[in-house]
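Guided by the hints, dock chain A onto chain X, whose structure is given.
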Amino acid sequence: MYQIIRQILKTGIKTETPPQADDALRVEAQRLQKEILGHIGRALTIRHVDAGSCNGCDLEIHALNNAYYNIEGLGIKFVASPRHADMLLVTGPVSRHMEVALKRTYDAVPEPKLVVAVGDCGCDGGIFCTESVGENYASCGKVSNVIPVDVAVSGCPPTPIALMRGILTAITGGTRSA
Amino acid sequence: MKLDELTATFNKLPGAMPIWHGTVDATQFRNLCEQVKHDGGKLVALWGSDESPCDAGYALHVALVAASGMFCLTLPVKAGRPAYPDISDIFFGASRMQRAVADLIGLHAIGADDQRKWLRHASWPDNVHPLRKNFDGNTVFPTETDAYPFVSVSGEGVHEIAVGPVHAGTIEPGHFRFSVIGDRVLRLEERLGYKHKGIEKRFESLNLEQGAKLAGRICGDSTVAYAWAYAQAVESVTGAMPPPRALALRAVLLELERIHNHLGDLGYLGNDAALAFGFAQFWILKEEVLRMNNELFGHRYLMDKIVPGGVACDLDPQGMERILQLLSHLEQEVRILKDIYDEHAGVQDRFLTTGRVMPDLAAQLGLTGLPGRASGQAWDVRAQFPCAPYDQLEVRMATHRNGDVAARVIVRFEELMESMRLIRLILAKLPAGELRATVADAPENALGIGWVEGWRGEILVVLHTGKNNGIHRLHPHDPSWQNWPVLEHAIIGNIVPDFPLINKSFNLSYAGQDL
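So the sequence lines, in the order shown, correspond to chains X and A. In this text, residue positions in the first sequence follow our numbering: the first is 1, and each later residue adds one. In this text, residue positions in the second sequence follow our numbering: the first is 1001, and each later residue adds one.
Chain X on its own, in the form it takes in the complex (with noise of 0.2 Å):
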C-alpha cells in the first residue's frame, strides 16, 4: 500500500501538468474539457460500438480514458448498455455483418440520441472500399449509410483531441447527415 500511495503522489495529477512538448495541444484539451462540462452540465454517457473498424480508432478512444485526456473526469462515461446511453460513438467502415448488431444498438438507445461516426472509414468508407463505390460485398461502407449520423471525425486514427472535439460539436448541435 506503502509503494501504491508513493507512486501516485510522484506521479501528481497528469491532466493539469502536461509535458512540455504537447504544451499547444494542452491548452486546447483544457479549453474543450471546460466547454464540454459548459455544454452537458452534469454527465454524457456514450457506448462506443466498433462496427469494422482496424481497431485503430478504438485506440484512440480507449487513449481518451487515460489520465492525460481524463474524460471520466468531466463526467462522460462509456457504459457498457446501449440502454444508459446518450451517445454512440462508431468506429470502422460497418461491415455487412455488423449492420443488423449496429441498427439495433441504435434502436436500443433511448431519444434523444446522437451519433458520432469516428474515423476516415467512418466518415467514407475508407481504404476499405473503392473510392468511388464506396462499400463492396462486405462493407456497407460510411456509417451514415447505416444510420443517422450528427457528427463524423475523420481521421486515421483521428486523435483523442480531434475527438473529443467531435464529442463537443456533436452535443452543441452538429448538422445531421442522413
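Derived from the structure by calculation, the hints contain no laboratory data. From the three backbone atoms N, C-alpha and C, an ideal C-beta is built for every residue, glycine too. Among the hints, erroneous ones may be present.
[As the list claims (entries may be wrong)] Capping the alpha-carbon separation at 30 Å, the derived lysine-lysine pairs in DSBU-like fashion look like this:
| id | chain 1 | residue 1 | chain 2 | residue 2 |
| --- | --- | --- | --- | --- |
| 1 | A | Lys-1504 | X | Lys-14 |
| 2 | A | Lys-1133 | A | Lys-1078 |
| 3 | A | Lys-1504 | X | Lys-77 |
| 4 | A | Lys-1117 | X | Lys-103 |
| 5 | A | Lys-1338 | X | Lys-14 |
| 6 | A | Lys-1467 | A | Lys-1429 |
| 7 | A | Lys-1504 | X | Lys-10 |
| 8 | A | Lys-1078 | X | Lys-77 |
| 9 | X | Lys-103 | X | Lys-77 |
[Stated by the list, open to error] Each pair of labels, with its calculated beta carbon distance range:
| id | chain 1 | residue 1 | chain 2 | residue 2 | range |
| --- | --- | --- | --- | --- | --- |
| 10 | A | Ser-1152 | X | Ile-5 | 49 to 55 Å |
| 11 | A | Ala-1067 | X | Ser-81 | 47 to 53 Å |
| 12 | A | Asp-1055 | X | Val-79 | 52 to 58 Å |
| 13 | A | Asn-1468 | X | Lys-103 | 48 to 54 Å |
| 14 | X | Gln-3 | A | Asn-1138 | 57 to 63 Å |
| 15 | X | Glu-131 | A | Gly-1239 | 44 to 50 Å |
| 16 | A | Lys-1078 | X | Ala-80 | 33 to 39 Å |
| 17 | X | Ala-80 | A | Ile-1495 | 14 to 20 Å |
| 18 | X | Lys-103 | A | Ala-1162 | 29 to 35 Å |
Okay, now just chain A, sitting in the frame of chain X:
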C-alpha cells in the same frame, strides 16, 4: 519426400527470411504436415487461391515452420473437384482456417469434423465465394438474419450466457456463448467474423504500392508488424534491398509498437483485477510513448512509416536522445509498477492459476506468440530466424511454463524490458545512409512472403503478384487465428467473471482474423 530434404528440393524465396516453396500432391501434403508436427514444428497459416486466370483450377497452400525455417506447400486443386485432405487432425488450429477457405474460395477439407461456415455470416449466399476470380467484389446481396448452429450443452443446471457482438466496453465485436453451471464455465464457443470487410478481395484491386497502406490497416495495433511483413514480401518479389539504416529503424518502430501494446495490456490487466491504479499508471506511460511517436515520426501508432524498399521516416541525434530519455524513464517506472503488481495479494490472487493452458495442451493445440511463450512454446521469429538487424542483437526470448494469466503478465514485463534493451543496442550502432531503396515493378506470378514477430506473435503476409505490378492474391495471417480456439480451452473450469481477465491476458485480434 522428407522434411530435411526440402531445403534442397524446394525453391528458396529471395529476401530476408529462410522460406522455401514447393508444389506437392495430396499424399505428400499430409505426409509433410505430419512430419513437421512430429518434429515439433507448427502450422503458421493455411489459405486458398483461385488459379483460373492461368487455367490451373485452384490451389491450397500452407506455411509450416520447422527447425530449419518455413516451408510453404502448394497443393493444386482441380476445378471440377474443389477439395483437399483435411489436416485439422494434425494441426488443431487448421480447422477455422479450412472453414474460412470453404467460405471464401469454396474449397472443402475432406474428412474435417467441423464443416460449419466461419467467416461467412448472412451477407452473401453459401454458393458465392468472394475470393473466386469471377466474383466482382462490389456485388451487394441483401443481408439476411444469420443462423449459426452453436454446439449446445445440456444437462441439469446448465444454462447459456450469450454475449456480443456488441459487448463489454470499448472492444472489437465478437460473440461468446458460455455454457455454465452456476458461475463455472463448462464450455465456451466463439463466433467471430463480424468485422469481415473483404480485405483480401480489396488487395486484388490494388497495385503493390497502394497495397502498403492497406496492409498497415489490417490490424491497427499491429500496423508496424503488418507493414514490415508486407514490405518483406514486396522486396522478395522485386529484389529490392532496403538499406541498413532503414532496417535498423524498422526494428526501432517494431519494438516501440511492442512497448506501447504491452504497457496498455499491463494497465488493463491490473484494471480487470480491480486495481485501477495499474490502469492509470501504465496508460500514462503508454500515452508518453504515443506522444513521442507522433513527435519523432509523425504518427502516434506509426502507420505508413514502413514502406516497401525502406522507411518513410528518419531519426536525428536529438530524436535518438529523446527515445533514450523516455526509455530510462519507462524502465524506472515499470520496475516500480512490477514490484507493486508482484506484491499485491489481490492482484496475484486473480492472476495466479487463472485461465491456465499447460505446456502439453499448448503444444497439442498449437498455441503461438505471446500466450504460447507463457505456456512453454518457445517460438520467437526474432530469436530463431533473425533478419537484420535482429541477427546482430541476440534477442532473449521470454518463456514461462505456468500458462496462467500471471505467466502472460510476466512475459509482457520481460518483453518490455527486452524491447528497451534492443532499442538501445540498435541506436548505439545506428547505420548512416539511405532510407529507401528503389523498388522495381514486380514480375507477374511471383511469390513473396513476409514473416515478422509482432507483439502478439508472428505475422505472415503472403503475396502472389499479378499483371502490371498488381496483386493476384494476398493473404495476411494473424496469430490470433491459432490462439482464439485455445482461449475456449483456457476458460474451462474458470468462473465467468474471470473471462474478461483471461481474454485480456491473451488480447487477441478480431480485425486480424476476420479480414
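Results of checking the hints against the structure:
no.: 1; hint: A/Lys-1504 - X/Lys-14; result: holds, 26 Å
no.: 2; hint: A/Lys-1133 - A/Lys-1078; result: holds, 15 Å
no.: 3; hint: A/Lys-1504 - X/Lys-77; result: holds, 21 Å
no.: 4; hint: A/Lys-1117 - X/Lys-103; result: holds, 24 Å
no.: 5; hint: A/Lys-1338 - X/Lys-14; result: holds, 21 Å
no.: 6; hint: A/Lys-1467 - A/Lys-1429; result: violated, 41 Å
no.: 7; hint: A/Lys-1504 - X/Lys-10; result: holds, 28 Å
no.: 8; hint: A/Lys-1078 - X/Lys-77; result: violated, 56 Å
no.: 9; hint: X/Lys-103 - X/Lys-77; result: holds, 22 Å
no.: 10; hint: A/Ser-1152 - X/Ile-5: 49 to 55 Å; result: holds, 50 Å
no.: 11; hint: A/Ala-1067 - X/Ser-81: 47 to 53 Å; result: holds, 51 Å
no.: 12; hint: A/Asp-1055 - X/Val-79: 52 to 58 Å; result: holds, 56 Å
no.: 13; hint: A/Asn-1468 - X/Lys-103: 48 to 54 Å; result: violated, 41 Å
no.: 14; hint: X/Gln-3 - A/Asn-1138: 57 to 63 Å; result: holds, 58 Å
no.: 15; hint: X/Glu-131 - A/Gly-1239: 44 to 50 Å; result: violated, 31 Å
no.: 16; hint: A/Lys-1078 - X/Ala-80: 33 to 39 Å; result: violated, 51 Å
no.: 17; hint: X/Ala-80 - A/Ile-1495: 14 to 20 Å; result: holds, 19 Å
no.: 18; hint: X/Lys-103 - A/Ala-1162: 29 to 35 Å; result: violated, 18 Å
Checked against the numbered hints given earlier, this structure breaks hints 6, 8, 13, 15, 16 and 18; the rest are met.
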